[in-house]
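Enquirer: All chains should be built: construct the whole structure from the sequences, respecting the hints.
Residues in the sequence shown are numbered from 244 upward in steps of one, following my numbering.
Treat each hint with caution, since some may be false.
[Unchecked claim] Here are the computed distance ranges between Cβ atoms for each label pair: (1) P326 / S256: 32 to 38 Å; (2) V282 / P326: 17 to 23 Å; (3) D266 / N291: 29 to 35 Å; (4) T258 / V296: 19 to 25 Å; (5) T318 / D261: 15 to 21 Å; (6) V282 / D246: 16 to 22 Å; (7) D271 / P308: 24 to 30 Å.
Derived from the structure by calculation, the hints contain no laboratory data.
We treat Cβ as the ideally placed atom computed from N, Cα and C, and that holds for glycine.
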Amino acid sequence: MSDPYLLRVRDASITVVDASPEDDTPSDVYEIAVFGVSVLIRRRAQWNAATDVPYVHIEDQNDGPGLLLVEVNNTGEHEHPRPSYGVIA
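Expert: Structural data, given as structure tokens:
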């Protein structure tokens, strides 16, 4: 496997990692990171009956309380509160 390719654009970084068929990753993996949020995009070899389907993983890497708003296919925003680890109420 070759080294990841890194591109920086303003406050964002885009990292591309080569496909790894032995790990059921039939496509390159793309990670976009900006504003403390990481979005990973790749294809999955199989999901239920479908094969070679798009897969998107979103991770809020900010610390402390907060909120992540996510919308998929124009179906409306969904709120994802950031966990408050170590905070005693």
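Enquirer: Does the Cβ pair P326, S256 satisfy 32 to 38 Å?
Expert: The hint (32 to 38 Å, Cβ to Cβ) is violated, given that P326 and S256 are roughly 24 Å apart.
Enquirer: Cβ-Cβ distance between D271 and P308: within 24 to 30 Å?
Expert: Taking Cβ atoms as reference, D271 and P308 lie about 35 Å apart, which means the hint is violated.
Enquirer: At the C-beta level, are T318 and D261 separated by a distance inside 15 to 21 Å?
Expert: Between T318 and D261, where Cβ atoms are some 33 Å apart, the hint is violated.
Enquirer: How does the Cβ-Cβ distance of D266 and N291 compare with 29 to 35 Å: does it lie in that range?
Expert: Violated, since D266 and N291 (Cβ atoms, about 19 Å apart) do not stay within the stated range.
Enquirer: Mind checking the hinted window 19 to 25 Å against the Cβ distance between T258 and V296?
Expert: At 22 Å between Cβs, range holds.
Enquirer: Taking 16 to 22 Å as the hint, is the beta-carbon distance of V282 and D246 inside that range?
Expert: Holds: the Cβ-Cβ distance is about 21 Å, inside 16 to 22 Å.
Enquirer: So does V282 sit 17 to 23 Å from P326, Cβ to Cβ?
Expert: holds, 19 Å
Going through the hint list in order, the structure does not satisfy hints 1, 3, 5, 7.
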